[in-house]
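With the hints as extra help, turn the sequences into a complete structure.
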Amino acid sequence: MTNDHDDKSAELSFEEAMQQLEKIVEKLEEGDVPLEKAINYYQEGMKLSKLCSEKLTKVEGQMEQIVNEQGTFEPFIVQEEE
Amino acid sequence: MTNDHDDKSAELSFEEAMQQLEKIVEKLEEGDVPLEKAINYYQEGMKLSKLCSEKLTKVEGQMEQIVNEQGTFEPFIVQEEE
Amino acid sequence: MTNDHDDKSAELSFEEAMQQLEKIVEKLEEGDVPLEKAINYYQEGMKLSKLCSEKLTKVEGQMEQIVNEQGTFEPFIVQEEE
Amino acid sequence: MTNDHDDKSAELSFEEAMQQLEKIVEKLEEGDVPLEKAINYYQEGMKLSKLCSEKLTKVEGQMEQIVNEQGTFEPFIVQEEE
Amino acid sequence: MTNDHDDKSAELSFEEAMQQLEKIVEKLEEGDVPLEKAINYYQEGMKLSKLCSEKLTKVEGQMEQIVNEQGTFEPFIVQEEE
Amino acid sequence: MTNDHDDKSAELSFEEAMQQLEKIVEKLEEGDVPLEKAINYYQEGMKLSKLCSEKLTKVEGQMEQIVNEQGTFEPFIVQEEE
Amino acid sequence: MATDRYLTVSALTRYIKRKLEMDKHLKEIWLKAEISNFNHHSRGHMYFTLKDDRSRIQAVMFSGNNRTIKFKPENGMNVLVKGEVSIYEPQGQYQLYVQTMEPDGIGALYLAFEQLKEKLHREGLFDPLQKKAIPSYPSHIGVVTSPTGAAIQDILTTIKRRYPLVKVSIFPVLVQGEKAASSVVAAIEKANQLNLFDVLIVGRGGGSIEELWCFNEEAVARAIAKSKIPIISAVGHETDYTISDFVADVRAATPTGAAELAVPSQTELINRVNTLTRSLHMVVKGTVLEQTRRLSQVNKSYAFRYPEQLLRQKEQDLDKSVEKLGRIMTYFLNQKKEGLRQIRIRFGQQHPQRQIDQAKQHLQLLYQRNDRAMRKEWIDKQTSFNQVLDKLTLLNPLETMKRGYAIATEKNGQIIKSTKQTQPGDLIMVRLQDGTLDCQVWGIEEGEEI
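Residue numbers (the working numbering), protein chains in the order written: chain A, 1 to 82; chain B, 1 to 82; chain C, 1 to 82; chain D, 1 to 82; chain E, 1 to 82; chain F, 1 to 82; chain G, 1 to 450.
Bear in mind the hints are in silico, worked out from the structure with no lab data behind them. Please note that the accuracy of each hint is not assured.
Said to hold, decoys possible - Here are the computed lysine to any residue pairs in the SDA-like style, where the Cα-Cα straight-line distance is at most 20 Å:
#1 G:Lys132 x G:Asn192
#2 G:Lys160 x G:Ser136
#3 C:Lys50 x G:Arg346
#4 C:Lys37 x G:Asn39
#5 A:Lys23 x G:Asn39
#6 E:Lys58 x E:Leu35
#7 G:Lys32 x G:Gln58
#8 G:Lys402 x B:Leu28
#9 G:Lys131 x G:Lys72
#10 F:Lys23 x G:Asn274
#11 B:Lys58 x G:Asp380
#12 C:Lys50 x C:Ile66
#13 B:Lys47 x B:Val33
#14 D:Lys37 x C:Glu60
#15 B:Lys27 x G:Gln387
#16 A:Lys27 x G:Gln387
#17 F:Lys55 x F:Phe73
#18 G:Lys285 x E:Glu54
#19 G:Lys72 x G:Glu102
#20 G:Lys27 x G:Asn39
#21 B:Lys58 x G:Asp371
#22 B:Lys27 x B:Glu15
#23 F:Lys37 x G:Lys285
#24 G:Lys285 x E:Glu15
#25 D:Lys47 x D:Thr57
#26 F:Lys23 x G:Ile270
#27 G:Lys72 x G:Asn39
#28 C:Lys23 x G:Glu338
#29 G:Lys402 x G:Ala359
#30 B:Lys27 x G:Asn396
#31 B:Lys50 x B:Asp32
Below you can see the structure in the form of structure tokens.
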């Protein structure tokens, strides 16, 4: 099931995941949520926030990698001519 | 009977259980209840309360578990930036 | 993959790379770019920027080389006669 | 390829070479030249300038030789009589 | 080739040689002479100048000789009669 | 050649010699005489000048004559006016 | 009435006219005079003035009278006229009406001269194109003149002085009198027959018109015109021309003048030869000098003397082009670099880190809210549960047993509220505070109902 879920989440973009998370949080914050539902929401919210977090971590990693790869790039100095 | 009851209770949500419980309390408060009935009510109430309690405890456990499960991700400590 | 990518980029002229880079910058400047896309854009932009930079450096090198090759000819200094 | 190119250039007169050189400068001045083409133009221009330079040097040598050959004759300048 | 050229020049009269020489000098002074042509003009001009110079010297010599042959140049001194 | 020429000149009358000399000078004065021709004229002219000069100075005492009715000549003695 | 005393001009004129007509002398006048203001009117009448040194008179000769005259009256002509004097009324002018007119004595010779001149002129004998050139350097001169007299001597002296190289032969002729003309003609013809002469001088010294007359004879004129030898005429004075003068190839005023015309001066010739020789020398030398100068000019020309100049310009051009090429290329590169630099600055500002950080913050907030909301929910539920549980606990019907009460029930749990519900020996249950007793009814004591 975790896989199932992961797969499904994998399809979510960071923004979509964040939106779902927001919705869940809002619902929880409204109160009056049946306990079992609430815990489900909670679980879902936690999963989403984990997903987002992972995505962020991944993105940060990519950034680092990019910077490292292109690292030497160091913008040139225009030669004074005229 | 416990099973029977459990089964039956299992079908109750926490909120339903709480409602029934509250009804029982109300009835008992009315006073005119013959002792035997009162005892029954009471017994019923006790059962329901046990159910609720269990549900609450279970959810608490789930919460803990969820937190623990997701635990590794430990949402970043936001670097104080702005 | 790096090679693959390089090859593909190798086919871009400096001007095309600059145009693509500009488009990317414009899109990023417009905002509202989803994070993953943004990071992809950024990565692409970094590559393009590097490519442009390399092309410029290469051409500069070529210029220097050309000057050095022709170097022996050492454009005469007009003999002051008059 | 260098020989090829030299042969072809050898057919150019000094003036033609100068004209081509000027055309190249004009084209570069116009700006809109792709970077890779620009360096080719530059290379071509430098080659032409070398060619011109060589031609000049050759002619200078010829002139010197002529002057030396005729040297003894020392063209007379009329003794002012009137 | 020099002989060839000399022979050809020998056929030129002084005036023809001078005219050619003057034309050459004019052309050279106008500027705008293609480089390769300029050197040819110059060479030709030097040759013509030398030729003219020789012819003049020769004529001068002839004049002197004729005067010497005729003895006194001034045929007679007019006897004042009237 | 000198002899040849002298002989030929010897046949010239004073008048012819003068005329030829004048023609030569005229032609020369008109200008436009090529240098080589001019020296030839000069030589010719100098010879004629010498000839004329000799003829003028070699005065033969001519006698006046009378032509009588028969067409024969008799020496003329100036008769005193009657 | 007063006007009766006054005449009209016509009346006066008519009166004068009548008076003149009555004078017989004036009817037939003979006059010797000179013509002037001659006007031959188109209708045939001749109008002119007759004059002498002191006076003049207007004259008219009507065409009916002038048709017979044998000469052409001209101004300056002396004439003998016959006529009458009368008045021309419209002008109140007296004038001579001429009936006959003859030339005066000397006027007749003059007339003959003019008429011959006119005739020969018309024949073309004076045509300048017919005139032969006098040779510049004659070797033999014929002189047709009187062997005596000043003329021949002047001629011979002059020739000897000027040009002793020439031979002179004299044709002695008569130069006046009746036979003069034929003598001159014969001499000219003989000279032509002999064919020895370069030039002939024909003439005599000055004299009166009658003395010179043979040179006005037609025969002489024609002989001169016919001559193959060029002829210089030398007759009379400087002022008078003879017909011979007109016909001759050259006219000299005097015999001396003729000799001068016939021969050149030896001195002048020598000068001439010298001049020519000098010119020859100068011209040729000048040519040489000029050509030398021309050559020198060319040799001096800048382009020729400093041929490097030809190259220098080109070298500078080349340098400039090369420099420009380098400059343009560098500029070009710098522009590209600047473009790239600008876009990089913009690109750098779009670094995703900020977006990432914002997302992180947002995520953390959501996470916290999620957690908080869940916990609150749970606590809320727990609290309301506790409340209900408390109430329930308070309402526990078995609570009184704590004070010692017990509840008896039948074996089936039926609460026993009355003694009557049991009989001794029955098994009943008694529930106490902390459990249930299994009991047997031993006896029954009925009591008062509470």
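Hints, verified against the model:
no.: 1; hint: G:Lys132 x G:Asn192; result: holds (14 Å)
no.: 2; hint: G:Lys160 x G:Ser136; result: holds (16 Å)
no.: 3; hint: C:Lys50 x G:Arg346; result: holds (15 Å)
no.: 4; hint: C:Lys37 x G:Asn39; result: violated (134 Å)
no.: 5; hint: A:Lys23 x G:Asn39; result: violated (149 Å)
no.: 6; hint: E:Lys58 x E:Leu35; result: violated (35 Å)
no.: 7; hint: G:Lys32 x G:Gln58; result: holds (14 Å)
no.: 8; hint: G:Lys402 x B:Leu28; result: holds (19 Å)
no.: 9; hint: G:Lys131 x G:Lys72; result: violated (30 Å)
no.: 10; hint: F:Lys23 x G:Asn274; result: holds (15 Å)
no.: 11; hint: B:Lys58 x G:Asp380; result: holds (15 Å)
no.: 12; hint: C:Lys50 x C:Ile66; result: violated (24 Å)
no.: 13; hint: B:Lys47 x B:Val33; result: holds (19 Å)
no.: 14; hint: D:Lys37 x C:Glu60; result: holds (13 Å)
no.: 15; hint: B:Lys27 x G:Gln387; result: holds (16 Å)
no.: 16; hint: A:Lys27 x G:Gln387; result: violated (25 Å)
no.: 17; hint: F:Lys55 x F:Phe73; result: violated (26 Å)
no.: 18; hint: G:Lys285 x E:Glu54; result: holds (16 Å)
no.: 19; hint: G:Lys72 x G:Glu102; result: holds (10 Å)
no.: 20; hint: G:Lys27 x G:Asn39; result: violated (24 Å)
no.: 21; hint: B:Lys58 x G:Asp371; result: holds (17 Å)
no.: 22; hint: B:Lys27 x B:Glu15; result: holds (18 Å)
no.: 23; hint: F:Lys37 x G:Lys285; result: holds (13 Å)
no.: 24; hint: G:Lys285 x E:Glu15; result: holds (16 Å)
no.: 25; hint: D:Lys47 x D:Thr57; result: holds (15 Å)
no.: 26; hint: F:Lys23 x G:Ile270; result: holds (17 Å)
no.: 27; hint: G:Lys72 x G:Asn39; result: holds (12 Å)
no.: 28; hint: C:Lys23 x G:Glu338; result: holds (17 Å)
no.: 29; hint: G:Lys402 x G:Ala359; result: violated (62 Å)
no.: 30; hint: B:Lys27 x G:Asn396; result: holds (12 Å)
no.: 31; hint: B:Lys50 x B:Asp32; result: violated (25 Å)
The structure shown violates the earlier hints numbered 4, 5, 6, 9, 12, 16, 17, 20, 29 and 31.
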